[in-house]
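Participant: Protein sequence lines correspond, in order, to chains A and B.
First residue of the first sequence: 1, per the working numbering; consecutive thereafter.
First residue of the second sequence: 1001, per the working numbering; consecutive thereafter.
Calculated directly from the structure, the hints in this document are not laboratory data.
There could be a bad hint or two in this list.
[Unchecked claim] Dumping the calculated DSSO-like pairs for lysine-lysine here, alpha-carbon to alpha-carbon at most 30 Å:
1) A/Lys57 / A/Lys72
2) A/Lys7 / B/Lys1177
3) A/Lys72 / A/Lys47
4) A/Lys72 / A/Lys7
5) A/Lys6 / B/Lys1177
6) B/Lys1019 / A/Lys121
7) A/Lys72 / A/Lys82
8) A/Lys209 / A/Lys219
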Amino acid sequence: MTYIIKKLFQIIPVLFIISFVVFIFVNVSGDPVVLMLPEDASNEEIKAMQESLGLDKPVIVQYGLFLSNVMKGQFGQSFVYKQEALPIVLERLPATFELMIAAIIISILISIPLGVLSAIKRNTFIDLFISGTSVLGKAMPNFWLGLMLMLVFSVYLQILPVSSRGSLLHLVLPAITTGTAMAAELTRMLRSQMLDVLHQDYMRTARSKGLSHFSVVYKHGLRNSLLPVITLIALNISTLVGGALVTEVVFAWPGIGQLVISAVHARDMAVVQACIFVIAIFVIGANFLADILYRVVDPRIKYR
Amino acid sequence: MKTNQLTFLKWLKMLGSSKTGSLGAIIILTVTFTASFASFIAPHDVYEVNLNAASLPPSWMDGGESQYVLGTDRLGRDLFSRVIYGSQISLLVGISAVIVAGVIGVPIGLISGYYGGFIDSFFMRIVDANIAIPVILIALFVLGFLNPNLIMFILVVGVATWYTYARVVRSEVLSLKEREFIKAARVTGVRNSVILIRHLLPNVTSSVIVVSTLSVATTIIIESSLSFLGLGPKAITWGALLSDGRDYLATSWWIATFPGIAITITVLGIILLGDWLRDVLDPHSHV
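Looking at chain A on its own, in the form it has when it is part of the complex (with noise of 0.2 Å):
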């Protein structure tokens, strides 16, 4: 309990510095108003904006009433939406959300098994074959292999739809794109793990008291290698986030990315920093919860 409220403690700092760095470019690195009004605003507009920033006051002050705002939920008007940031980025999460669920499940279901057959058949054909299949799949970029997906089987087996969100064959290529390099992680990290765990005395003693191989392997054997894939999947979420954005795009998938990424373009820089913050306390949320299931789930685990 203590490490819980540890935990939180370190939150709080952590929010602040996101917020600082956010301030600091949005108003030392040139005009803010020029940056977040679209490059035809009027003299009008722009005065309102400024007000509206409070622009006129020091830095320090500046900094404070920023930082109110984001705790508010304030990020300010979206230009090219004509309303506040925040709902317009928190109706876009839950496809996000979909999506990075669909593909941590694909990349469990694609790793387990082949990262545990690699681990047993150790050094054999199977294995180089696992291996250098895994080692492939971190090494291609996640949006061309959207695209080749989308090519293969959108444009000429015309079995899977080509883009954007609807029923669950409208999930399948873009969880397949943002799950495979994290697949191919977990599959490299399993067989290595599985591999300590099979000369484990308690293997041993499993096998001689006559279970099944397969008993002995899945349920005695990968329980006590899914420990490191939770702290795997939860140190990777940032990177597989920022996975989720690309592919986003690539399919015209409507969540967090592809707003996101409109918002850069278009300069719609409320959107932009709201959209930093939901993704920030979503990444913190995840890894405070991996923390906290890795301790209940190896109660063996003690925390200073």
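Using the hints, position chain B against chain A.
Facilitator: For chain B alone, kept in the frame of chain A given last:
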């Protein structure tokens, strides 16, 4: 001089005994060579428009022409030449951004791990903040503000990825700190700066080399993703070529396919060499 040659030969021999390691080295050498001599290797001018040869498929397909090995884009520009030139930016950004990241991350990791306490917490919270935002998003945010030129682009990607070094170096220093030779140095009154530079730095070098190599791979993927999203440096890059090809996926599949293969092969080479380096330099680490 003689000993230098000997160790070089020794390394070469070790590399030769690893199939994946040598494959990685060969790939990297080839890509570096291609990037360095792009103007001699590329058969066509990359900007040369030839509308009579627009959207030609690769030479081995029906309708392909032998002078355009990988086909042409909608303006009749030679894809093979453009892919060759694309290697320049990827390698340049990959290597320079990794150096920028290392120059920031290594000293912070050393200091953070060695001094501990408040300094450590301070830097580690910055690392946490950095990790909470995907590198792609940081780069999007910053590059969206500034008009990105190549230098700015390298700096942004480097600054966004420094934390990898800080983390690795810090955890190495934490364990080195407990070793006898560091304790002895401290007890005998060796100045902290000397301990950091003369005793700790050399001992984290092999980890830094491994991390750097693998970081080049990640950086190239980040660079190509940003180029693909239209925020890359204003030059011919693999990501930008891919992004062109995306609009013609149904009619001219080759434009999106070959730049991606180039990225994959390059990154694969770097990962293979990096994995080999890790096995050689740091036999204790796995994953």
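Participant: Next step is simple, just say for each hint if it's right about the structure.
Facilitator: Against the structure, the hints:
Taken as a hint, the lysine 57 of chain A and lysine 72 of chain A pair is honoured in the structure, with Cα atoms around 20 Å apart against an allowance of 30 Å. This hinted pair checks out: lysine 7 of chain A and lysine 1177 of chain B have alpha carbons roughly 25 Å apart, not beyond 30 Å. For the hint pairing lysine 72 of chain A with lysine 47 of chain A, the CA-to-CA distance comes to about 23 Å; that is within 30 Å, so the pair holds. Restraint check for lysine 72 of chain A and lysine 7 of chain A: the C-alpha separation of about 23 Å stays at or below 30 Å, so the hint holds.
Between the alpha carbons of lysine 6 of chain A and lysine 1177 of chain B the distance comes to roughly 25 Å, so the proposed pair stays at or under 30 Å and holds. For the hint linking lysine 1019 of chain B to lysine 121 of chain A, the alpha-carbon distance of about 20 Å falls within 30 Å, and the restraint holds. Taking the CA atoms of lysine 72 of chain A and lysine 82 of chain A, the gap is about 19 Å. The hint holds against a cut of 30 Å. In summary, the hint linking lysine 209 of chain A to lysine 219 of chain A is supported, as the alpha carbons are separated by about 14 Å, within the 30 Å threshold.
Figure legend: structure checked against the earlier numbered hints; every hint is met.
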